[in-house]
Amino acid sequence: MMVQTQKNIKVITGNYSVAEAARLARVKVVSAYPITPQTTIVEKLDEYIETGKMDAVMIRVESEHSALAAAYGAAAGGVRAFTATSSQGLLYMHEMVWWVANSRIPLVMAVGTRVLGPPWNIWDEHSDLLDQRDTGWLIAMAANNQEVLDMLIQMFRVTEDERVFLPGMVGLDAFILTHTSEPVDIPDQEIVDQFLPERKQPYIIEPGNPISMGNLPSTAVVHARLRYDMWKSMQNAKEVIRQTAREWEKLTGRFSGDLVECYRCENAKYFIVGMGAWTGDMKEAVDILRDNGYEVGLFRLRFVRPFPDEEVAKYLSNAKGVIVFDRAVSMGSGGPIFLDLGYRIRNVPVTDVIAGLGGEDVNFNMFSEVVKGLISEVEKEGEFKKLINFYIGGELQ
Amino acid sequence: MIRLQDLTKKKYLLPGNAACPGCPLNMGLRYVGMAFEDKTVLVVPAGCTSVIQGLMPKTGINMPLLNIAFAASPAAAAGLATALALRGKDAIVVSWAGDGGSADIGFASLSGAAERNDNIIHIVADNEAYMNTGIQRSSLTPFGAWTTTTVKGKQEQKKDLPLIMWAHKVPYIATASVGYPIDFIEKLKKAQQIKGFKYIHLHAPCPVGWRFDPGMTVEVAKLAVQTGMWILFEAENGKIRISPTSRPYANKKNRTPLEEYLKLQGRFEKVTPEMIKKMYEEIDNNWRILLELEEITSKI
Ligand SMILES: Cc1ncc(C[n+]2csc(CCOP(=O)(O)OP(=O)(O)O)c2C)c(N)n1
Ligand code: SF4
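Quick mapping for you: the protein sequence lines, in order, are chains A and B. Note that my numbering has the first sequence beginning at 1, numbered continuously upward. Note that my numbering has the second sequence beginning at 1, numbered continuously upward.
Next comes chain B alone, as it looks inside the complex (with noise of 0.2 Å):
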């Protein structure tokens, strides 16, 4: 187990970077930064990241970085990280991307580089949709959310990224949340362990485009756990668990009522009791899915 005190002071997220207050991706990136130390080079595409490092020649974000096209992360991060394995340094490759720079514009480059096993980690910082544009949905928003372009609450469900990566057959896979660090960061320093391709998908709630007080990320990202929307689980080589942290969940009866994480979010104030109905049976069923698969997987 992590302790936090034992993780290094250096400040890999510096002081007035271009953040907004009680951002998601603020504290995933200083998580990173505190995981990989020096060896960390960051790969980002566009979204709110690009943003976020500030305006050069300086930068807020004190890790190598490399901004790259919206949709062209996991390849750039594959070619980097052969060069420096080939100039012998021992870098760490992070691509870092948004859930539309991974789960849309960023599919086919992402499916491309876990199929070849590319030496990358790669990690979805999800607030789940486009907050650089101003709060579009992506298809990893969820069912019910309001959006700049699902005025009315979002009628297809969130895609199911993960579980889409483990068909991959890469060597690693976690999901991870931003309410939760000592787990990400757990799951960060395996990653660090393995060759080959890594995806983490780290859970980061906005209170920009959730509506929400900036104060409460922390909150509603771990009620997204707590309430069993957002199951934190890993699968290495195939082989599915749910980690520690969410394992309590599974279990009906110690889920807290989904409408505790809904109500402190204004993308959710229109949602029907029909919808929260819908909202329900399907936390039912990635539960049941993942549980089954952790079964399965468990014999391979």
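Okay, chain A solo, but in the shape it has when bound (with noise of 0.2 Å):
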């Protein structure tokens, strides 16, 4: 076994880290559709191909819709495929997000997370990513750039792996991942050859195999079957992903992986839960928290398909308190983190802070701010005020 015994450090944004991912993963096929923030993602990727530094072929469509399902069909068709979207353009795409998930394709897509309209705005916020939180795909989020590639490319692999065949997205919030440059260790293609396996799918279509792929169930109870086939896949998936985990570092040197990650949850009393790149602010808030005496930690979610139940189970069920912090809302309910967790831990104090919609900016200080006033109520009265709260224009509402 070989293993990467020099760092190769670019400084590169969040889009070129999704490049460098699908090159070093050797994807054979390349379906993408441009919109901001994605747009640089194909375009590196065209040049890539290009100028010969990947051979893959790209096909250029006309939608997003036909984006998923070119790479769909070439996946399909037992090739290594991607694709990139963000915002509009997964919606767009999201009867092919269904589609691909329920064929079994394993398929790997990067999501820049952007804020659905109207009005037009192309800021971050999770609504895009979470929309697609039924479909039966994995579904992470990255906090920086270097844990975009990692988790690009540990995805090839989960979903390759025959106790998953689901696809998977990797999610790099709008701007202050997609476009912002971050020193990303890029490892040898030697490396992610020995790590990524040759393709393994559930069937292909190809010539001389009369296989009919998606035609009528002949009962109900065909079709329901298959789908508990998908959920019980989806639980495989959290072993796959700590095990692929262990594997990537054995090779890299680098411990990037699991479905959560817990900053300072020793002995901390109240959780901060969140995912994507605010979390740094968050760990931020953490730090000055605990300065201040707090017994705060944070729970990062990395997945939230799988949602990680035995993480939550680990660290949240004796918490005195749980803040979630929902960059996306689901109107009339709550926000979507919040409403996953909320039943996992059903004797925890928890609330919900739907913030940082529209892209708004909430940096370390709202962060510690709003969590101090929060723990106060549950100091005083054992309960949160409210389960949902909206944090907007520095108040909240």
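Which residues of chain B face chain A? A partial, calculated answer using Cβ under 8 Å:
| hint | residue |
| --- | --- |
| 1 | Gly79 |
| 2 | Thr82 |
| 3 | Ser111 |
List of simulated lysine-lysine pairs, DSS-like, C-alpha gap at most 25 Å:
| hint | chain 1 | residue 1 | chain 2 | residue 2 |
| --- | --- | --- | --- | --- |
| 4 | B | Lys89 | A | Lys200 |
| 5 | A | Lys200 | B | Lys58 |
| 6 | B | Lys239 | B | Lys299 |
| 7 | B | Lys190 | B | Lys222 |
Hints in this document: simulated from the structure, not taken from any laboratory. Since we're looking at a predicted model, the values are computed, not measured. Where is the CB? At the ideal position from N, CA and C, for every residue including glycine.
Each of the two chains sits in its own frame; use the hints to bring them together as a complex.
Written out as structure tokens, the structure is:
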């Protein structure tokens, strides 16, 4: 076994990190349609392919619906395929998102998470990504550009594992990651080749193999079983994700994995829950709060699908209070992460702060102030005052 | 000239599939299998062919088949063809879609694949309405035809999709009819030899939606050609050529009266004499345009 001994640090944007990952994973077909903030991913991949840096075919489709359809066709035909999109584009391909998952075809996509209009707005929100949470895709959310690369390469391996055989998407926040340069350690091709075995998939559509993929089910029970199998594969994926991270660590010397990162969770009584780039500010807030005597930790979701039940049980089930920050809202109900988490920790006081909507910036000071205030509610009453809060223009609503 | 007896006897369409009696799509699919044999790979969007396959885990179509969302068959076929080529497979990838899956919801995808010159054959199995959902109009439903969403007869013309596709400047365009299998198979075989995007528009009279006797599918299909309603032609690299089967009907005098075609079909039961007059005019116009184009493109 060869392991990475030297670092190869490049200062690149999140989008270039995505392109590097696709190149290193030896993707054979790329099919994508431009949309801010994803555009520079397509441009970079196009450049790689045109200049021979990547041995792949680019299908320059006329829409996102076709982008995922073409990537799906390629994946069903037995090669590693890749696409990337954002916001309106992700919703435009939503029908295909379901189609790919129900077909059990491994395929990887990057999503530059962005607000949905109207009004037109190109800034960061998690609404587009979280709108896909019922589809049957594995859904991960990166917190920095290194993680973008590591997550994507690992995602290929996880989705092509026969215990999983489901597609996967990796989110990266609009501009905060997609267009911001950070140092990224880029592994050698040989390392990634060792890590990613030959592509596996449940079936291939090819000449001489007269199967039909997707015709009507003979009974509802047959269909229900397929859905239940997907459910079980989602459950299997948890262990596969954990194992895959260990394999990656062996080869690259870098641990970058698991479903959750728990920051300063030792003997924490209160927990902040969040995902994506703004958890960087949440970490700073935790540091400040700790300095001020608050026993707070950050429970950062790396995956929302599958949802990290075991980690939730381990870290959060005895908490004195859990404060979820959602960068999206399910209108009329609550923030998506809060909704997922709430019923898993039924005896723990939990509250939701819906913030960062429309791309509003929330910095570490704001996080620490909000958290302080909410903790004081529990300290006084034993409960949070409200289930759902909105944080807009620097104020809790 | 292809002879039927020289073609494979292998059954690419299995008996007992779920098509209605007299189904034109069944015929078309069988001819595709006969033309491309084991090289065939089908990509099928929502429509009657989703049902014809029958129930999984079995299938009534003895060819590899990828079902796909309604709007997406040309794009999915493009991806699949790319993958199979990369893997060195000798495949002919056919995007087999209805009029809705081609001219309406699937039109952007079709136009995109054509403009990119993706190496696929797109076949429009044109039964002139959304049959799968119970006979609703499409942009390829002809003027005057009853459907459940044009109860007074369609007021608009049938969109000229073959010429729209011709304007995409693709290497091969053809129209065909289930009434003329040899002509269709010859066009398929020609398409097979050409790299890039191939478009074949197959006229497919549907007994259920058009309200005629299921024993009459071929008869109705032939009448569409003989009345001049449906013109068989090809365009190789833009050069339009009327197919020999249709050539005689360039001359009005050789055309069967349109009423012969209309009267077999319940969907035209309520057309008025004025509407028929308009239909005649439309046939003349279509011929005039195509003959002029044949003349002009012969010089390019
Ligand atoms: C996105 C979407 N919209 C609507 C439908 C419902 N639908 C299924 S088949 C069909 C009509 C198919 O018509 P056509 O393409 O002409 O094929 P045919 O059934 O006549 O063979 C419709 C509207 C669907 N499956 N998907
Ligand atoms: S409705 Fe028409 S096209 Fe559809 S299966 Fe029946 S006969 Fe065939």
